[in-house]
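Those protein sequences? They're chains A and B, same order as listed. Take the first sequence: its position 302, counted from the start at 1, is 302 in our numbering, and no numbers get skipped. Take the second sequence: its position 284, counted from the start at 1, is 284 in our numbering, and no numbers get skipped.
A few of these clues could be false.
Heads up, the list lumps identical chains together, so a pair's fine if it works in one copy or across two of them.
[Unchecked claim] Listed below are the simulated DSS-like cross-link pairs for lysine-lysine, each with C-alpha atoms no more than 30 Å apart in a straight line:
1) K172 / K352
2) K30 / K61
3) K150 / K172
4) K61 / K345
5) K352 / K182
6) K375 / K150
7) K352 / K375
8) K150 / K61
9) K345 / K375
10) K30 / K352
11) K150 / K352
12) K30 / K345
13) K150 / K182
14) K150 / K345
15) K182 / K172
16) K182 / K345
17) K61 / K375
If you're looking for bench data, these hints aren't it; they were derived computationally from the structure. Every value quoted in this text rests on a predicted model; they were computed, and no experiment measured them.
Protein chains: 2
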Amino acid sequence: MSELRVGVIGGGQLARMMTPPAINLGITLKVLAEAEGSSAALATTLVGDYNQVEVVAEFAKTVDVITFDHEHVPLAVLEALEANGVSVQPPSRALAFAQNKLRMRERLSQLNLPMPDWAEIHDADSLDSFIEAHGGVAILKTPIGGYDGKGVRVVSSSADAADWLSAEGLTKVGGHLLVEEKVAFVRELAQLSARNPSGEFLAWPLVQTVQANGVCSEVLAPAPNASEGTLEQAAVIAQAVSEGLGVTGVLAVEMFETADGRLLINELAMRPHNSGHFSIEGSVTSQFEQHLRAVLDLPLGSTLPTNAHAVMVNLLGVDDQNDFLPHYAQAQSAHPEVKIHTYGKGARAGRKMGHVTVVSGNAEWALEEARQAAKVLTQQA
Amino acid sequence: MSELRVGVIGGGQLARMMTPPAINLGITLKVLAEAEGSSAALATTLVGDYNQVEVVAEFAKTVDVITFDHEHVPLAVLEALEANGVSVQPPSRALAFAQNKLRMRERLSQLNLPMPDWAEIHDADSLDSFIEAHGGVAILKTPIGGYDGKGVRVVSSSADAADWLSAEGLTKVGGHLLVEEKVAFVRELAQLSARNPSGEFLAWPLVQTVQANGVCSEVLAPAPNASEGTLEQAAVIAQAVSEGLGVTGVLAVEMFETADGRLLINELAMRPHNSGHFSIEGSVTSQFEQHLRAVLDLPLGSTLPTNAHAVMVNLLGVDDQNDFLPHYAQAQSAHPEVKIHTYGKGARAGRKMGHVTVVSGNAEWALEEARQAAKVLTQQA
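Turn these sequences into a full structure, and let the hints steer you where they fit.
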């Protein structure tokens, strides 16, 4: 038998959700997980520390291409693999921008792409100057390691970040911070796309994301009432980012939409992303199938929607007991069109443990169904 | 963590295709496979002989319910499990009808369900009488073990089945044969449905199946130009079979449609079936997800179509080399909307090794796309 073998570093829900399309397509999926019993346990072939080049190199020998469930693998590890001829997708030179938000902002500036004002901060004075010049408030970020609201702080004075700005604090975050203008956005959008090493690029329809406490809670696909100009602009931005940063595989560009219709790049994710989970049922080709095809340098699949609307609602943990399964019967009985996804994770308040998706010709109905099903599943015992 | 655990006996493509919905729903799927490296290897937790009650009983201890990839597990084995309180779905009393076509015909006759004329045959004379009474030709079947054209023969005289009718031949097939009227059908249809132990029943839209050399080659969903009366009649028949035979899980009823619009029951399958593969993309709930939900006695999911039409074309092996993967790039490039499925089987001429599905508002286009993609994938090197 011939084989197409994809190796994923990281055993989280993104690796888990790559498994179904791998099974369908007959692709051999292998996962290097941090621990036994991860979300992607079914496809796990090695458990080990991705910070150790020997571990990752051993794993790489068993596959045709290395890709990622997360963006935390040290660049030095990936560069060592690449130096030995391993196909790493996205490559280390692209991931460098995902791992360090300052490098990302610098590169996007070189590409003249639209984004919030930003500056590199090394001390209290430069931060206070930036805040003063931007209406008395700003967003301060650690350049490395932040996600889902972690490593991000709204500041109205350097005093709000005294811990990060202390000598010790600065050392911990790598010597500098990123400050960004606090954009008065009307909503948040995400543009999902994929690109393969041969350069084929394809975008999905633009979606709206709704955040609660810094974590994605709902995704509406396509973004309601988006103008043709906005849709086109978002896709152009995504392609410019993808090509300009050398991204391969799935790329999510999170953006702010302003009252005057501008799109400003907020965050980037060089992997399947929460904003794209709707695509499992809502697109002819899901982000997970597309990622596998892209990293294998296969032609990309159609990103046409399967219906006019898709709504995704995240299932966040409510306590350390409810893993949603005890509520399946009630949710499925009342909501036969809702697609339930859970990630096999232990229950913990606030944890991303699953999601539901509804695909429909009726956007309002889809949103209501998805919310009601999520409510049933996340009810406390 | 709570757990929903389904055990599947048999490691073929049906068990394989249950894996993606199990992952999505967070259901723990375990497979008892005949051998290492089966189609369902990813979910395999035990390799052993399903004819041995100890093997199956050991497997059953690890799951909440036992179900099937095929219908070949001896009834005595299943009855022993049931006697020990194991949930077997479908239960042995239903599978008895699937395993023996004579018992199936007897039961369907008791239920007054429409089917070809039939008789139990023990000798040449009774066979010749039946043939003579039915226009000089009939279909002779071994009651046990036939599938995909095996164990089925068109006969115009008992001389055509001298081997099966010899003392030795009759002993081999259990002492009797089934003869059926050769129906002058205009086409073949299949009605897919599911039923859970609580009695909830739900049918999918009726489909047309196209056979080549006794093996399913194409499925058109829904069946083109089927009248409301035909659609309703097919669903009524499926429900009568499901309830009358005590089937749980997915049931496929294969039927002949005659020139005067009658539906006659041909074969039954008490498991996900080739005629239902279209439902992976073509239905809100696929037959594989539905089967898992049904055997766990969870509420059934919507069987509404995701689009007006779905077409499935089987990928049959062409030689002992081509497992289709070398042709992925060509097929995917030319057919970005086609969903390719392969089963991880070694190449062999005539073997069911995969399928492609196209979902579309345009039936003609869907059929053409699916056929063309299948042609690319099955081309010889």
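So, going through the hints one by one against the coordinates:
1. K172 / K352: Result: close within a single copy only, 27 Å intra versus 58 Å inter.
2. K30 / K61: both (11 Å within a copy, 28 Å between copies)
3. K150 / K172: within (15 Å within a copy, 70 Å between copies)
4. K61 / K345: both (29 Å within a copy, 23 Å between copies)
5. K352 / K182: within (26 Å within a copy, 58 Å between copies)
6. K375 / K150: Within one copy only: 26 Å inside a chain, 51 Å across chains, cut-off 30 Å.
7. K352 / K375: within (15 Å within a copy, 43 Å between copies)
8. K150 / K61: neither (34 Å within a copy, 43 Å between copies)
9. K345 / K375: within (19 Å within a copy, 42 Å between copies)
10. K30 / K352: both (23 Å within a copy, 25 Å between copies)
11. K150 / K352: The answer is within: 14 Å in one copy meets 30 Å, while 50 Å across copies does not.
12. K30 / K345: Both. Shortest intra-copy (19 Å) and inter-copy (18 Å) distances satisfy the 30 Å Cα cut-off.
13. K150 / K182: within (17 Å within a copy, 71 Å between copies)
14. K150 / K345: within (20 Å within a copy, 45 Å between copies)
15. K182 / K172: Answer is within; shortest intra-copy Cα gap is 24 Å, inter-copy 81 Å.
16. K182 / K345: neither (34 Å within a copy, 55 Å between copies)
17. K61 / K375: neither (45 Å within a copy, 34 Å between copies)
Figure legend: structure checked against the earlier numbered hints; hints not met, in rising order: 8, 16 and 17.
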